[in-house]
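Peer 1: Residue numbers (my numbering), protein chains in the order written: chain Z, 1 to 510; chain U, 511 to 655; chain W, 656 to 767.
What the hints contain is simulated information worked out from the structure, not anything from laboratory work.
None of the values given here were measured: they were computed from a predicted structure.
You may find that some hints are simply not true.
Subject to a maximum C-alpha distance of 27 Å in a straight line, what follows is the list of computed DSS-like cross-link-like pairs (lysine-lysine) [what the hints assert, rightly or not]:
| no. | chain 1 | residue 1 | chain 2 | residue 2 |
| --- | --- | --- | --- | --- |
| 1 | U | Lys654 | W | Lys755 |
| 2 | W | Lys753 | U | Lys512 |
| 3 | W | Lys681 | U | Lys575 |
| 4 | Z | Lys438 | Z | Lys371 |
| 5 | Z | Lys104 | U | Lys577 |
| 6 | W | Lys753 | Z | Lys155 |
| 7 | U | Lys650 | Z | Lys24 |
| 8 | U | Lys650 | W | Lys755 |
| 9 | W | Lys755 | Z | Lys163 |
| 10 | W | Lys681 | W | Lys755 |
| 11 | Z | Lys24 | U | Lys577 |
| 12 | U | Lys519 | U | Lys577 |
| 13 | W | Lys755 | Z | Lys155 |
| 14 | U | Lys577 | U | Lys512 |
| 15 | U | Lys650 | W | Lys753 |
| 16 | W | Lys681 | Z | Lys163 |
| 17 | Z | Lys499 | Z | Lys66 |
| 18 | W | Lys755 | U | Lys512 |
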Amino acid sequence: MNSLIPIFIIVPLATAFLIMILGKFIQGFQKTITPLILLFLTVLSFYCLLNNYSDSYAVGGWEPVKNIPIAIYLVMDGFSILLLTIISLIGFLASFYSISYISKFTSENNFYALLCLMIAGMNGVVLSGDLFNLFVFLEISVISSYALVAFGTEKEELEASFKYQVLGGIASFIILFAIGLIYWRTKTLNIADVSTLLSSQQANIFDIFVQILLISGFGLKAAMMPFHAWLPDAHSSAPSPISAMLSGVLIKAVGIYVIIRLFFNMFIASEEIAILITTLGTISMVIGVLLAIGQWDIKRLLAYHSISQMGYVVLSIGIGLILMARGTRPAVAVLAIAGGLFHMVNHAVFKGLLFLNAGAIEHRIHTRNLKEMGGLSKDMPATSATSFVASMSISGIPPFNGFFSKLIIIIAAIQAKFYLLAFLAVVVSIITLASFMKFQRYAFFNKKEYSKTLKIKEVPFPMIFSMAIMGILCLAFSLLAFPGVREQILGPAIDVLMKTGEYTQTIIGM
Amino acid sequence: MKGMSIIVKKVTQLISGIIFMYGIYIITHGHLTPGGGFAGGAIIAGAYILLILAFGSDAVNLRSKEKGSSLIESLAIFIVLLLAVFALFMGAKIFFANYLPKGQLGEIISAGAIPLYNIFIGIEVAAAIITIFLALVIFKEEAKK
Amino acid sequence: MIVFILCFILFLVGLYGLITRRNLIKIVISLSIMEFSVFLFLVLIGYIDAGVAPIVDLSLSDQIYVDPLPQAMVLTAIVIGLATTAMLLAIAIRLYRKYKTFDIREINQLRG
Numbered sequence: 001m002n003s004l005i006p007i008f009i010i011v012p013l014a015t016a017f018l019i020m021i022l023g024k025f026i027q028g029f030q031k032t033i034t035p036l037i038l039l040f041l042t043v044l045s046f047y048c049l050l051n052n053y054s055d056s057y058a059v060g061g062w063e064p065v066k067n068i069p070i071a072i073y074l075v076m077d078g079f080s081i082l083l084l085t086i087i088s089l090i091g092f093l094a095s096f097y098s099i100s101y102i103s104k105f106t107s108e109n110n111f112y113a114l115l116c117l118m119i120a121g122m123n124g125v126v127l128s129g130d131l132f133n134l135f136v137f138l139e140i141s142v143i144s145s146y147a148l149v150a151f152g153t154e155k156e157e158l159e160a161s162f163k164y165q166v167l168g169g170i171a172s173f174i175i176l177f178a179i180g181l182i183y184w185r186t187k188t189l190n191i192a193d194v195s196t197l198l199s200s201q202q203a204n205i206f207d208i209f210v211q212i213l214l215i216s217g218f219g220l221k222a223a224m225m226p227f228h229a230w231l232p233d234a235h236s237s238a239p240s241p242i243s244a245m246l247s248g249v250l251i252k253a254v255g256i257y258v259i260i261r262l263f264f265n266m267f268i269a270s271e272e273i274a275i276l277i278t279t280l281g282t283i284s285m286v287i288g289v290l291l292a293i294g295q296w297d298i299k300r301l302l303a304y305h306s307i308s309q310m311g312y313v314v315l316s317i318g319i320g321l322i323l324m325a326r327g328t329r330p331a332v333a334v335l336a337i338a339g340g341l342f343h344m345v346n347h348a349v350f351k352g353l354l355f356l357n358a359g360a361i362e363h364r365i366h367t368r369n370l371k372e373m374g375g376l377s378k379d380m381p382a383t384s385a386t387s388f389v390a391s392m393s394i395s396g397i398p399p400f401n402g403f404f405s406k407l408i409i410i411i412a413a414i415q416a417k418f419y420l421l422a423f424l425a426v427v428v429s430i431i432t433l434a435s436f437m438k439f440q441r442y443a444f445f446n447k448k449e450y451s452k453t454l455k456i457k458e459v460p461f462p463m464i465f466s467m468a469i470m471g472i473l474c475l476a477f478s479l480l481a482f483p484g485v486r487e488q489i490l491g492p493a494i495d496v497l498m499k500t501g502e503y504t505q506t507i508i509g510m
Numbered sequence: 511m512k513g514m515s516i517i518v519k520k521v522t523q524l525i526s527g528i529i530f531m532y533g534i535y536i537i538t539h540g541h542l543t544p545g546g547g548f549a550g551g552a553i554i555a556g557a558y559i560l561l562i563l564a565f566g567s568d569a570v571n572l573r574s575k576e577k578g579s580s581l582i583e584s585l586a587i588f589i590v591l592l593l594a595v596f597a598l599f600m601g602a603k604i605f606f607a608n609y610l611p612k613g614q615l616g617e618i619i620s621a622g623a624i625p626l627y628n629i630f631i632g633i634e635v636a637a638a639i640i641t642i643f644l645a646l647v648i649f650k651e652e653a654k655k
Numbered sequence: 656m657i658v659f660i661l662c663f664i665l666f667l668v669g670l671y672g673l674i675t676r677r678n679l680i681k682i683v684i685s686l687s688i689m690e691f692s693v694f695l696f697l698v699l700i701g702y703i704d705a706g707v708a709p710i711v712d713l714s715l716s717d718q719i720y721v722d723p724l725p726q727a728m729v730l731t732a733i734v735i736g737l738a739t740t741a742m743l744l745a746i747a748i749r750l751y752r753k754y755k756t757f758d759i760r761e762i763n764q765l766r767g
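Model the full assembly from the supplied sequences, consistent with the hints where possible.
Peer 2: Quick look at the structure:
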């Protein structure tokens with residue numbers, strides 16, 4: 001074997017099938033092998049990240065015929081490896097947490113197999129260099145997540161899963177229709193080949209229609225306004241490690257990643273579409289946080305904040321796209337894209353940590369209503385400390401990582417002369433701080449409201465371990481803001497996005 | 511649920527074997543005529559579902575059948591993945607390559623590893639559809655009690 | 656040209672059923688009809704004038720075949736549609752047992 005790329009897809013798939021076969025015969029097999037395999041994938045992706053591994057792999061070995069690529073390509077470049085690291089890391093921590101959380105359900109085999117399938121699907125979306133291959137892996141990961149949201153089979157979880165499935169099915173239909181229209185126009189499905197063919201022809205109304213269809217389809221998967229209606233129900237009804245995976249990784253890997261990849265590397269940047277993307281991001285940011293203030297259910301509050309923080313990322317990427325379409329000031333475009341990618345990485349860590357905390361609270365008190373909790377900081381010290389770290393991170397308080405990424409986004413907006421967007425970003429950050437002050441006070445620092453007969457201890461060791469590691473990562477990722485480390489990790493990602501010629505060279509040249 | 515009348519039972523006993531053979535024909539000629547793994551697997555599943563519908567679920571022990579078909583499904587898809595990974599060790603060492611010798615155009619034993627993929631995907635799709643059907647019937651049976 | 660308009664009419668039929676029907680099973684069937692209209696559209700894209708089905712026959716040398724790539728795409732998409740429909744129906748049956756009705760106006764526990 002001469003390349004590391006197929007390992008990321010083969011290993012989780014084989015693990016999922018092995019768990020279904022051997023899980024019936026060997027007790028406790030699924031609990032030990034899933035965290036081990038995901039730890040192996042995390043170490044492998046860190047190795048590729050630090051070595052700047054950049055390669056393309058033709059599945060089946062079909063060589064290009066007369067300079068037309070006919071194979072399905074798997075491409076790993078600077079941007080994909082960043083997302084692969086986040087997927088493996090959050091997946092490992094969530095599966096370690098669920099060793100003790102999922103033991104209250106009966107069919108644990110199915111849970112771990114579906115989790116591995118979801119991770120295999122997300123790896124496939126991130127590595128794929130071919131449009132229809134991306135659609136197939138997208139469907140694998142999304143259908144696994146439908147089953148995982150309904151895992152507890154209570155009334156609310158089934159209803160939330162049904163709503164999620166119908167809206168997700170409409171989005172998949174729109175994406176398939178847009179892929180069909182691209183094939184009609186260019187007679188090829190390879191992303192690099194489509195970009196060379198589209199850049200040599202005139203842009204007409206057909207291209208704009210396809211771009212709007214793709215924004216609608218993938219915007220629904222990424223939960224941007226006005227396509228956000230499924231997210232509060234689905235993310236609040238799922239079991240807590242699955243909420244952390246869905247909100248921390250899935251809406252980034254199958255939503256935001258594909259929008260960035262297609263609009264930077266495949267289509268020619270046009271200013272109207274970039275202004276549309278920026279507007280959608282701003283609306284998500286503002287309305288998400290306004291809807292989150294009045295919530296008393298902790299997981300619904302966190303789900304609405306996910307919409308708002310994703311709005312930050314889309315806003316920043318949109319500013320970068322506008323500057324690239326105009327062709328002026330490339331340094332500010334680099335800064336905007338760096339802020340967006342950095343905030344995406346940070347949000348995965350602190351939002352995952354917040355959902356794991358909410359799961360720990362629910363595990364002990366059996367309620368999710370903020371009015372029925374209080375005074376938990378004495379009885380659950382580890383949960384309280386990590387929740388404090390995560391709340392400071394998401395509100396943007398130094399020295400945690402949220403402060404640096406929001407600062408880069410606001411500086412980029414001011415330097416690009418979008419003063420209204422910078423002002424709205426600051427206001428939304430202040431409202432986020434107020435909302436999390438309310439969360440901290442009612443959950444941890446008030447007088448005890450719950451029944452005194454419940455004995456509240458700390459949660460078991462695997463849950464504490466995952467939450468502590470994520471808390472340490474919240475502090476460690478703030479080092480990414482410094483110029484030396486940023487060039488090493490975020491630099492290759494930004495290079496690949498800004499220079500489309502190098503992306504096509506990687507596939508067709510080799 | 512009870513079965514249907516005796517005419518339906520006798521006709522189903524005769525026909526389901528022919529449907530099964532037709533499904534196997536579509537699977538094995540997948541590289542020569544339209545069809546292949548998915549379509550053939552769905553037809554084979556149709557033969558089994560016809561038998562269960564005609565004879566009624568009282569005549570069949572549903573739970574043991576569902577465990578068996580679930581195990582066969584997982585095993586068959588694992589063998590498909592092993593076939594694809596096996597290509598990493600023979601010949602060109604690329605994932606998913608076609609490594610067995612390709613014969614002449616139009617023969618049954620030709621086109622490398624594609625007939626093997628067709629057979630195992632056919633088994634997997636048939637087992638998957640039967641598992642879905644049995645799971646839903648078991649759920650409905652439990653609701654009645 | 657007229658075949659594309661017929662595909663669009665099929666899509667509109669599915670969309671009408673999805674929006675106006677209250678029964679869960681009818682919503683699932685309408686979603687399936689919408690997906691089938693896209694499959695028809697994809698197969699019709701690959702048509703080349705005077706082409707026959709793409710099964711290679713060595714006795715006729717220069718034969719025009721229609722494009723086989725959209726047909727492969729549609730085969731895969733049909734299997735994905737099967738998985739989606741099976742998942743939806745399993746959840747719909749469990750919803751019936753919990754709420755005792757298929758009417759979506761009664762199934763509204765989650766608000767806000």
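Peer 1: Run every hint past the structure and note whether it holds.
Peer 2: Evaluated hints:
no. : hint                : verdict
1   : U:Lys654 x W:Lys755 : holds (13 Å)
2   : W:Lys753 x U:Lys512 : holds (26 Å)
3   : W:Lys681 x U:Lys575 : violated (31 Å)
4   : Z:Lys438 x Z:Lys371 : holds (11 Å)
5   : Z:Lys104 x U:Lys577 : holds (23 Å)
6   : W:Lys753 x Z:Lys155 : holds (6 Å)
7   : U:Lys650 x Z:Lys24  : holds (24 Å)
8   : U:Lys650 x W:Lys755 : holds (13 Å)
9   : W:Lys755 x Z:Lys163 : holds (18 Å)
10  : W:Lys681 x W:Lys755 : holds (17 Å)
11  : Z:Lys24 x U:Lys577  : holds (10 Å)
12  : U:Lys519 x U:Lys577 : holds (25 Å)
13  : W:Lys755 x Z:Lys155 : holds (11 Å)
14  : U:Lys577 x U:Lys512 : holds (22 Å)
15  : U:Lys650 x W:Lys753 : holds (13 Å)
16  : W:Lys681 x Z:Lys163 : holds (14 Å)
17  : Z:Lys499 x Z:Lys66  : holds (25 Å)
18  : W:Lys755 x U:Lys512 : holds (24 Å)
Of the numbered hints stated above, the single one contradicted by the structure is hint 3.
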